[in-house]
Amino acid sequence: MKLLKAEEMKRIDKKASTDYEIPSLILMENAGLRTVEVIDEMLAPTAGKTVVIIAGKGNNGGDGLVVARHLINAGATVDVFMLGEADRMTPDAGTNYRILAKMTDRIYPLFTEEHLDRLMLSLLVCDIIVDAMYGIGFKGVLGDFDARVVKMMNWCKAPVVAVDIPSGVEADTGKVHGEAVKARQTVTFALPKIGMVVEPGKDYAGTLTVADISIPRSLLESPELTTNLITEAMIKPYLYTRAPETHKGTYGHALIIGGSLGMTGAVRMSSFAALRIGAGLVTAAVPLSALPIAAADMEVMTTPLAETENSAIALEALPVIENLLTAASVCTIGPGMSRYPEAGAVLRFVLEKAGSPVVIDADGLNALGGEAHILKNRQVPIVLTPHPGEMARLINRTIEEIQADRMQIARQFAVEYGVCLVLKGNKTIVATPSGEVFVNITGNPGMATAGSGDVLSGMIAGLIAQGLKTRDAAITAVYLHGLAGDYAAGEKGQRGIVAGDILNTIPYILKQLENN
3 MKLLKAEEMK RIDKKASTDY EIPSLILMEN AGLRTVEVID EMLAPTAGKT VVIIAGKGNN
63 GGDGLVVARH LINAGATVDV FMLGEADRMT PDAGTNYRIL AKMTDRIYPL FTEEHLDRLM
123 LSLLVCDIIV DAMYGIGFKG VLGDFDARVV KMMNWCKAPV VAVDIPSGVE ADTGKVHGEA
183 VKARQTVTFA LPKIGMVVEP GKDYAGTLTV ADISIPRSLL ESPELTTNLI TEAMIKPYLY
243 TRAPETHKGT YGHALIIGGS LGMTGAVRMS SFAALRIGAG LVTAAVPLSA LPIAAADMEV
303 MTTPLAETEN SAIALEALPV IENLLTAASV CTIGPGMSRY PEAGAVLRFV LEKAGSPVVI
363 DADGLNALGG EAHILKNRQV PIVLTPHPGE MARLINRTIE EIQADRMQIA RQFAVEYGVC
423 LVLKGNKTIV ATPSGEVFVN ITGNPGMATA GSGDVLSGMI AGLIAQGLKT RDAAITAVYL
483 HGLAGDYAAG EKGQRGIVAG DILNTIPYIL KQLENN
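Going from the sequence shown to our numbering is simple: count from 1 and add 2.
By construction, these hints were calculated from the structure, which means they are not laboratory data. Any given hint could turn out to be false.
[Claimed, not checked] DSSO-like, lysine-lysine: derived pairs with alpha carbons at most 27 Å apart:
1. Lys238 <-> Lys59
2. Lys153 <-> Lys4
3. Lys4 <-> Lys204
4. Lys204 <-> Lys153
5. Lys16 <-> Lys177
[Unchecked claim] Restraint-style ranges between C-beta atoms, simulated for each label pair:
6. Glu373 <-> Gly469: 41 to 51 Å
7. Met44 <-> Arg13: 54 to 64 Å
8. Asn230 <-> Leu263: 52 to 62 Å
Heads up, the beta-carbon is just placed ideally off N, CA and C, and yes, glycines get one too.
Using the sequences and the accompanying hints, generate a full structural model.
Structure representation (structure tokens):
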């Protein structure tokens with residue numbers, strides 16, 4: 003499913019009217035009707051209930067006026083409070099105002115202290131509140147008067163239904179700079195907006211309903227729309243049923259390179275995650291002294307590597323690594339590798355010799371240092387899986403800068419360096435060399451635990467080993483990884499989750515998806 007910015011939605015609305023000759027008034031009517039359907043379900047029955055609608059002077063307010071008309075026809079008592087003068091409304095909103103004014107005298111101005119008193123009286127006795135103040139074009143901070151209106155709405159016990167987006171939330175980013183409506187339900191139109199699926203906007207939106215208002219599907223599926231929400235429907239085609247005549251070689255061979263003194267568990271988790279997600283064969287290549295730990299998982303093959311005096315991978319191991327690469331369908335480098343002087347040389351060697359996709363994780367990312375340019379123009383696809391701290395080091399920015407603009411930073415990096423970038427964290431981002439961005443909404447804070455990222459890198463490698471392209475493997479892995487974390491949290495609670503719980507849950511969520 004596509005995710006939109008406000009400007010993209012406006013272009014779609016315009017094309018629907020100009021290219022397909024759908025009158026904008028019809029789109030407004032449909033938007034109001036779809037919102038009424040949600041309200042009807044909440045009130046059940048609508049007749050005899052009291053509704054307060056707060057409408058602005060733009061098209062969002064016009065949607066609210068359509069809602070008012072249909073609720074009145076359904077037998078509800080509706081009080082409409084207008085934030086703008088009728089003669090300053092947009093044309094379509096003005097049309098709906100004139101229609102409504104002929105149906106009811108319960109339309110009140112909302113400009114002064116006295117008007118606020120009248121609003122409070124209505125809010126105290128209503129069954130539901132409809133927020134139609136500001137639409138997706140809003141940016142910045144609500145004015146003082148509007149902020150007071152929002153505070154009153156949020157203070158009341160009646161649930162709020164937001165029309166398209168909660169007022170005060172920025173549609174492009176989800177940012178809230180002052181007061182914003184805290185909705186129980188948000189009915190957004192055509193496609194979800196980015197700010198409704200990322201924090202803090204997601205928290206203000208409540209339950210999100212994406213409503214069809216008759217915009218042609220071709221506009222909603224345009225390749226010009228490059229931001230996407232990862233959904234079950236999107237990833238299920240990549241979890242194909244295994245044919246009876248297949249064997250372990252059919253499902254690929256994942257090579258996991260890493261490990262060092264005290265951190266070999268990272269390689270074990272990454273290796274076993276590749277198996278759990280379906281790779282046919284997995285080899286863990288680790289320093290010699292780490293071999294007994296890596297070999298504890300009987301299903302994972304192991305290869306000892308020459309090591310430094312600090313028990314990390316030595317340059318003398320490069321010929322062995324080159325030989326391993328020839329048999330690998332994919333190579334993951336970095337889990338538990340540690341930071342040491344030779345790490346960069348080991349990474350560069352793998353990038354030069356690999357004949358299949360490479361996943362760079364953890365200390366593999368640290369080994370890049372300030373030399374991200376070595377990623378460019380590689381003959382094999384590359385996947386990077388940084389958390390915000392690793393991403394900050396990679397591009398010499400602060401973590402705060404990364405978190406403030408995750409999607410755009412991920413997109414720019416992926417395009418510039420020609421890699422698939424998995425920027426981990428709350429709402430993990432997958433960005434591709436073509437400029438596509440995918441946002442994941444599975445997962446929970448309990449997954450912020452040591453080893454969780456190692457499980458993810460192994461899952462990505464395991465899916466690539468089975469033949470998925472790097473983009474498809476990345477979006478599938480992050481969705482399933484989060485889903486496994488959610489399942490584990492449901493069983494044990496978020497606070498008690500460890501990476502092994504996520505790892506061991508993978509088969510259950512795969513089975514659940516297959517059954518669905």
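Would the hint linking Lys153 and Lys4 be met if the CA-CA limit is 27 Å? violated (32 Å)
Restraint status (C-alpha distance of Lys4 to Lys204 at most 27 Å): holds (16 Å)
Given the hint that Lys238 pairs with Lys59, does the C-alpha gap stay at or below 27 Å? Measuring from Cα to Cα gives roughly 44 Å; hence the hint is violated.
Check whether the Cα positions of Lys204 and Lys153 lie no farther apart than 27 Å. Since the Cα atoms of Lys204 and Lys153 sit roughly 18 Å apart, the hinted pair holds (cutoff 27 Å).
Range first: 52 to 62 Å. Now tell me if the beta carbons of Asn230 and Leu263 are that far apart. violated (41 Å)
Holds or violated: Lys16 and Lys177, Cα atoms, limit 27 Å. Satisfied, since the Cα-Cα distance of roughly 26 Å is no more than 27 Å.
Take a look at whether the Cβ-Cβ distance between Met44 and Arg13 falls inside 54 to 64 Å. Roughly 32 Å apart at Cβ, these two residues miss the hinted range, so it is violated.
With 41 to 51 Å as the target window, see if Glu373 and Gly469 comply at their CB atoms. violated (31 Å)
Comparing the model with each earlier hint shows violations of hints 1, 2, 6, 7 and 8; every other hint is respected.
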